[in-house]
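Engineer: Start from the sequences and build out the full structure, keeping to the hints where you can.
Number of protein chains: 2
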Amino acid sequence: MSVMTQTRTGTGASSPGQKLLTPTYEGDFVIGEHLLLECGRTLVTPTLHYAVYGRLNAARDNAVLVCHALSGSALVGSWWPEIFAPGAVLSLEHDFVICINMLGSCYGSTGPGSVNPETGKIYGPDFPLISVGDNVRAQARLLDSLGIRKLRLVLGGSIGGMQALDWAILNPDRVQRALVIGVAPVAAMGLALNHLQRQAIQHDPEWAGGRYLPQRPPRRGLALARQIAMISYKSAPLLDERFGRNPNRSGEDPWSLNEHGGGLIGGRFDIAGYLDYQGERFIDRFDANSYLAILRTMDTWDPMRGYNSPEEAFGRIRARLSFIGIGSDWLFPPEDVRRFAATIRSAGVQADYREMTSSHGHDAFLAEQAELVRLLQ
Amino acid sequence: MSVMTQTRTGTGASSPGQKLLTPTYEGDFVIGEHLLLECGRTLVTPTLHYAVYGRLNAARDNAVLVCHALSGSALVGSWWPEIFAPGAVLSLEHDFVICINMLGSCYGSTGPGSVNPETGKIYGPDFPLISVGDNVRAQARLLDSLGIRKLRLVLGGSIGGMQALDWAILNPDRVQRALVIGVAPVAAMGLALNHLQRQAIQHDPEWAGGRYLPQRPPRRGLALARQIAMISYKSAPLLDERFGRNPNRSGEDPWSLNEHGGGLIGGRFDIAGYLDYQGERFIDRFDANSYLAILRTMDTWDPMRGYNSPEEAFGRIRARLSFIGIGSDWLFPPEDVRRFAATIRSAGVQADYREMTSSHGHDAFLAEQAELVRLLQ
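Protein chains in written order, with my numbering: chain A, 565 to 941; chain B, 565 to 941.
These are computed hints drawn from the structure, not numbers from a lab.
If you're wondering where the values come from, they're calculated on a predicted model, not measured in any experiment.
Positions of the beta carbon are idealized from the N, C-alpha and C atoms, including for glycine.
Just so you know, not all the hints are guaranteed correct.
Selected chain B positions facing chain A (in silico; Cβ < 8 angstroms) [what the hints assert, rightly or not]:
1) Cys-603
2) His-767
3) Ile-792
4) Trp-819
Structural biologist: Next comes the structure, spelled out in structure tokens:
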């Protein structure tokens, strides 16, 4: 996810003038043993990079876990600052907020770019499939190490919401409340979009089957993947309002010919210039193999899989759940989120459904934080 | 556009058992002079490949022009057979139906794969920008040569609908009625989707700036472009109903690891297998440069461009128009089609709006022909 900026010079989710929050602590936790994964493989002594905000109280009952989305990091104060605004969802005065970089990512936790301690070589394409549940099990070890037994709240949007729900399923006695925002198991359209993105990366000759050199990553492929993702994060009406059929603002003519008078490729429309810019920005901050790894973590998440009924799959949840759909989201349509919440409720779980009114599409949980806060109050 | 088949062995728009119509005549018409294009260039003696069905009557007042969509051909009897069903829109007994392959295409009319008579070389990336209006002007020459002055009806879906409307605008005294199906000027989301497809082709190393060898076309790039297009032709609910989260029907495990235990790429879901199949099918029947040429013909169409009011742009239309939106179309959303029809009506033109109820998305005008026929009766 990323926030659309009109100027194309924005720095992410922070509003102009918004003070970025500095974590109380940011560092690494190494799980001192093998982490057995759902796929059957093990990760040897994986690292979790994390950040905390605020202070753990003496009763150790003020911990909140925030789970980030696909391309997010542990620095939740930087990408979700309005959640910490006075009177909003989290309080730096009262809460101890933890955010842990996902396994597979390139922001500090063990991922495809890390060295496999067993071989001394970078994992690359040999990085195993990490499930959402694997992340939750690893995160629980980190919380154990911090002496945190219970979470007052766990929350996240998109794949962050998948983690929040898996926390409530896998650790029913440790979670009081969970907020699952803009997400349900990926539907066919979402699986299709991820399949397109995967191919965009794989088609880049620099990808080299995942064994690319760090100095020669598959930049064009990753940029195209990001562009495909960007259209799925935004709603058509928002794109129309922002870009319409305008020529690219840098001054190009969509009706132009090239220098030889050829007409197969012409000047860009504004939306094309915007997408190119988003792709360029992304390749400077994200790794292609990490992107592939987390796409699969997302695709394969299906908490009903292997169960015969919602009761069987969700019956042990003790947390109070809230599901938040986003009206204009076509990657995770609100009706999918509402239906998913109803399925879980049918297992006897306390689960309400709320809907964000926003034209921003899936990105609304990052792009319209004030509206999200209002809905959660 | 193409029709989704459950078996993945279908042959296009024809229903099982549907008798394919054979044209009365199929051949080429060469415009014996230069065709001056809107972009300022000329096409030297371009060829139009066309097919006709039925017979022109003595009064020469039974001619109907069908305009095809992006990857269509002149053989309308093959891709739109139900339009010819007894009591449907067209009658082989009463109508003289003409369908002309678009300039830029690879199905017989002059396109990027044709030899430029001025240089003796294939146009390739030097093929000029052809507007929808350029096509209409070329088509009018062909009709002149057939002695057809007036069209009882001109109709088409998608870019075929753009041509139908341009016929009514550019030749107001030659068109009695026009059906414009599933189309409006391409909105920002559509421009974005076309931008993604263009990049998919351009990123393929075999594309070679458009100067690829016929025996080494950019197959992977064109296949990915087609896959991106396919998701825009279908609705999310239809994909869910058809594919859901099922593993690929050929037998693959989306939760699998590769032979080395790696998890970046796994077995496909069914929707991914479907898209791959559609991409493979397409590269055997379409040319990458033709695809790029027609994407631009579509992107650049904007009959309001350069005019100050709908009255100025559309005031000279004399035909009776019907616009057909498709309820589940997200490439050309029905509200865009309805709004476009209202704009044209505000110029004093007779233009009604009808909406197809279908879960098929943009493809509905090909995939649910019986429903389209019902709406047009």
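Engineer: Check the structure against each numbered hint from earlier and tell me which ones fail, lowest number first.
Structural biologist: none
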